[in-house]
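Undergrad: Going down the list, the sequences are from chains A and B. Note that this note's numbering gives residue 66 to position 66 of the first sequence, counting from 1, and the numbers run on in steps of one. Note that this note's numbering gives residue 547 to position 306 of the second sequence, counting from 1, and the numbers run on in steps of one.
Simulated from the structure, these hints should not be mistaken for lab results. Cβ coordinates follow ideal geometry from the N, Cα and C atoms, glycine included. There may be inaccurate statements among the hints.
[To be verified] Computed beta-carbon distance windows for the label pairs:
hint: 1; chain 1: A; residue 1: Asn138; chain 2: B; residue 2: Ile570; range: 13 to 23 Å
hint: 2; chain 1: B; residue 1: Met242; chain 2: A; residue 2: Gln143; range: 21 to 31 Å
hint: 3; chain 1: B; residue 1: Ile495; chain 2: A; residue 2: Ser61; range: 54 to 64 Å
hint: 4; chain 1: B; residue 1: Ser533; chain 2: A; residue 2: Lys9; range: 52 to 62 Å
hint: 5; chain 1: A; residue 1: Asp218; chain 2: B; residue 2: Arg623; range: 50 to 60 Å
hint: 6; chain 1: B; residue 1: Ile495; chain 2: A; residue 2: Ser145; range: 52 to 62 Å
[As the list claims (entries may be wrong)] List time: in silico DMTMM-like cross-link candidates among lysine to aspartate or glutamate, alpha-carbon distance up to 25 Å:
hint: 7; chain 1: B; residue 1: Lys615; chain 2: A; residue 2: Asp6
hint: 8; chain 1: B; residue 1: Lys250; chain 2: A; residue 2: Asp57
hint: 9; chain 1: A; residue 1: Lys118; chain 2: B; residue 2: Glu244
hint: 10; chain 1: B; residue 1: Lys250; chain 2: A; residue 2: Glu231
hint: 11; chain 1: B; residue 1: Lys615; chain 2: B; residue 2: Glu377
hint: 12; chain 1: B; residue 1: Lys615; chain 2: A; residue 2: Glu31
hint: 13; chain 1: A; residue 1: Lys188; chain 2: A; residue 2: Asp218
hint: 14; chain 1: B; residue 1: Lys250; chain 2: A; residue 2: Glu129
hint: 15; chain 1: B; residue 1: Lys615; chain 2: A; residue 2: Asp211
hint: 16; chain 1: A; residue 1: Lys177; chain 2: A; residue 2: Glu130
hint: 17; chain 1: A; residue 1: Lys85; chain 2: A; residue 2: Asp6
hint: 18; chain 1: A; residue 1: Lys85; chain 2: B; residue 2: Glu244
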Amino acid sequence: MSKIIDIKKLRKVYGDGVELVALDDVDLTIEEGEVLSIVGPSGSGKSTLLNMIGLLDTPTSGEIWLKGQNITKATPAERARLRNKELGFIFQFHHLLPEFNAVENVMMPLLIAGVERKEARQRAIDLLEEVGLGDRLNNRPNQLSGGQNQRVAVARALAGHPSIVIGDEPTGNLDTKSSDMIYELLRKLNREMNQTFILVTHDMAMAEKTDRILRLVDGRIVCEMRREGDEFVSHDLCHLD
Amino acid sequence: MFELYAARKHLTARRRQTLLAVGAVALAVTITILFRSLINGFEGTINDIIFQFVPHVTVLPKDGESRIYLYKTLLDAVWTIPGVTAASPALSTAASLSYGGKVENVVLRGVVPDELNKISRIGLDYMVEGDLDSIEIGRRVALDREMAERLDLKLGDTVRASFPDARTLNLVVTGIFDTGGFSTNYAYVSMKTARDFLGEGSVITEVQIKLDDIYRADEVAASLRELGYNAESWQSQSGIVESIQSRRLSNTMIMLLVIIISAFGIANIMNLLVLEKTREIGMMMAMGATSSIIRRIFLIEAGVLGLAGGTAGCLIGYGIAAYVNSLAIALSSGPGFSIYLNFVVDPRDLLIFPLVTLLLSVAAGVYPAHQASKLDPVVALRG
C-alpha cells in the first residue's frame, strides 16, 4: 500500500484575541484503500482535521501532502480542482440541491468537471443503481427518505472517481438500520474500487468496523488502534472510554 | 456549461419568485414604454395639427421695406436650401368685405393654390363647398365658413372688397373652407387679384416654407436672414415642442428611476437567494465549484431575470399600445381632423429596454454574487 495522505505537524489556531488551538501538531499518514475512522469528543478537532484533508480549510502551520504533492499552499482554484478530481464528500446532512433530482445531484461533480451531460448522466444512473436507488432516479430530495437521500449523497461523492471519500458523521442523522446500510455500502465500494475512506463519527459501533481508529482529544491524536483480523491492536497508550 | 444549467434550475424550480421578479421588471418597462409612446404620439399629433397651418419658416420683407421685390430670385434661393419641400409666396393685405349691408375685416391673401396646398392643405382637405383652384381665374374668392355665415354669403354670391388706398373689387365666392377656427379671418384670392386690389406689380409680402425636417427651421431661417430678409421659424413663434421635449426628458428620467427600483428588487431577490442557498453553495464548492463558477451562476440568474422582464415588458407595452390604437379612441375632433389616443412605440425602445434591464439586473446581481463567491465552504456548509 502507498501513502495517499501525509500530514506533518499540522496546526490550526482559531481566533485573533483568545486563541483556540483546534489542531496541535498532528502527524498522520493514511494509506491508499484504507478505511479510517476518527473519533473523539465534540470540539476535539475531528471536523477541523477532516476539513484540512478535504481542502476546505487551510492550516495555520504544518504541511499536507496528497499523493506526493504538497498542497498546503495550493491556490483556491487549484484546491477547487483537487476537490473535484480527488475528493468526495458525505456530510451529516445530505446537502443535496433541492431543485435537482437524484440523477442531477449525482451528475453535479461531473458537470463541474466539464464532463459531457450524457456521459455524466449514465455514470450517475450506474451509481444510483449501485446504491440501490435505480427506481428513484427522477425523485427530488423532498420525495426521498433520509436514508435514501444519504445514499444519493454517497453516489454523488463517488461520481468523479475520487481517490479519497470524506465522511463527516455520514450516518449521524440516520436510524441504526439506515446507518448499517450506508456503512455496508461504503465498505462494499471500498472493496470494489479501492477508494480511501476517512470517516468522522460518534458511532463507536461503526468505528469498530473500520480498519483503523484515531482518537482525537484537544487537537491531538491520543490513541491509534489498527485492526488485525477481528481484533484491534493499540499502537499507542490508549484510554478508550 | 454548469453555470447555465444550475442557474436555469434555480429559476425554473423557484417559479413563483422568478415570475415575481420578472413581473416587477416587466411592469416597470411596460409603463415606461407606454408613457414614452404616448408622448411620441402626442407630439406627432401636435406636429400634424399645428404644422398644417403654421409654416416652418416664414420669409418677410427686408428691414424698412413693406414688400418683397424680385421675389422669383428669393424663391430660387429658397429652393437651393436642402430639405425645402414647399415654398408658397403670398401677397397679404387687410381688406373689408361687405355684402348685404354687413361688413367684416379679413386678411386678403393672394396665393398660388397649388403652393398653398403644400403648406396647409386647405384646398385638399378643408373645402366644404366649391374649391380653392377656382380662385385662379378672374375675380374670385375662397373664404372660411364662419366668415361666410357672418356675411350671409353663399357660394356664387358676389362680395365687395375694399380698403383705403385700394381698388374696390367685386369678388365671386367660389370656395368655402372650414378649418375649425384656425383661419377664420383668411380670404384667399389669386395673386393677380391681390395685386390689382393693391395696384402693385410683381411683389409679394411673404414666402411660407415647409421643410422635411422641422427641427432645421431655425437654421434655415438664419440662412435666409443672411440674404437680408426677415425670416422666422415656427420654433421662435411657439414653445410647444420645446415643452414636449423637456417633458419627454423628465419623464424618461422618472421611468429610468422606476426601472432602477425594479432592479433593486432583483438585487433583493438575489440576496435572499444567496442566503437561502448558503449550504448548497458550500456543497457546490466542496464538489469543486470555484468562486468564479459560483459568481457566474448568480450573475446569469440576475441577467436572465432582467432580460426576461425587459422583454416581457416591451411585448406587453407594445401589445397594449397596439390594442388601444386599434380602438381609435377620439380625444377631440373638429372638421377635417380628429385627435386620437395614439401610442407611437419607438422600435429602438424595444431593443434598448431589454438591454437596459439586462445591464441593470446584472449590476444589481454583482454584490450578492460576490458575497456568494466569497463564502467560506466550511462556514457555508455549517449553514
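Undergrad: Confirm or reject each hint.
TA: Evaluated hints:
1. For the hinted restraint 13 to 23 Å between asparagine 138 (chain A) and isoleucine 570 (chain B), the CB-CB distance of approximately 53 Å leaves it violated.
2. For the pair methionine 242 (chain B) and glutamine 143 (chain A), the supplied restraint of 21 to 31 Å holds, since their beta-carbon distance comes to about 27 Å.
3. At roughly 59 Å, the beta-carbon separation of isoleucine 495 (chain B) and serine 61 (chain A) lies within the given 54 to 64 Å, and the hint holds.
4. Checked against the given bound of 52 to 62 Å, the beta carbons of serine 533 (chain B) and lysine 9 (chain A), roughly 33 Å apart, lie outside it.
5. Between aspartate 218 (chain A) and arginine 623 (chain B) the C-beta distance comes to about 21 Å, which lies outside the given range of 50 to 60 Å.
6. Checking the proposed 52 to 62 Å range against isoleucine 495 (chain B) and serine 145 (chain A) shows it holds: the Cβ atoms sit about 55 Å from each other.
7. For the suggested pair lysine 615 (chain B) and aspartate 6 (chain A), the alpha carbons sit about 29 Å apart, so the restraint of at most 25 Å is broken.
8. Under the criterion of a C-alpha separation no larger than 25 Å, the hint pairing lysine 250 (chain B) with aspartate 57 (chain A) is inconsistent with the structure, at around 29 Å.
9. Straight-line distance between C-alpha atoms of lysine 118 (chain A) and glutamate 244 (chain B) comes to about 17 Å, which keeps the hinted pair within the 25 Å bound.
10. Note on lysine 250 (chain B) and glutamate 231 (chain A): the hinted pairing is violated, with a Cα-Cα distance of about 50 Å set against a maximum of 25 Å.
11. A hinted pair counts as satisfied when its Cα atoms are at most 25 Å apart, and lysine 615 (chain B) with glutamate 377 (chain B) does not qualify at roughly 85 Å.
12. Between lysine 615 (chain B) and glutamate 31 (chain A) the alpha-carbon distance is near 33 Å, which puts this suggested pair outside the 25 Å criterion.
13. For a cut-off of 25 Å, the pair hint linking lysine 188 (chain A) to aspartate 218 (chain A) is broken: about 33 Å separates their Cα positions.
14. Taking the CA atoms of lysine 250 (chain B) and glutamate 129 (chain A), the gap is about 24 Å. The hint holds against a cut of 25 Å.
15. With a C-alpha separation of about 38 Å, the suggested pair lysine 615 (chain B) and aspartate 211 (chain A) falls outside the 25 Å cut-off, and the hint is violated.
16. Between the alpha carbons of lysine 177 (chain A) and glutamate 130 (chain A) the distance comes to roughly 18 Å, so the proposed pair stays at or under 25 Å and holds.
17. Distance restraint check for lysine 85 (chain A) and aspartate 6 (chain A): the Cα-Cα separation of roughly 18 Å lies within the 25 Å cut-off, and the hinted pair is therefore satisfied.
18. Between lysine 85 (chain A) and glutamate 244 (chain B), the direct Cα distance comes to roughly 18 Å. Compliance with the 25 Å bound is thereby established for this hinted pair.
When each numbered hint is compared with the structure, violations occur for hints 1, 4, 5, 7, 8, 10, 11, 12, 13, 15.
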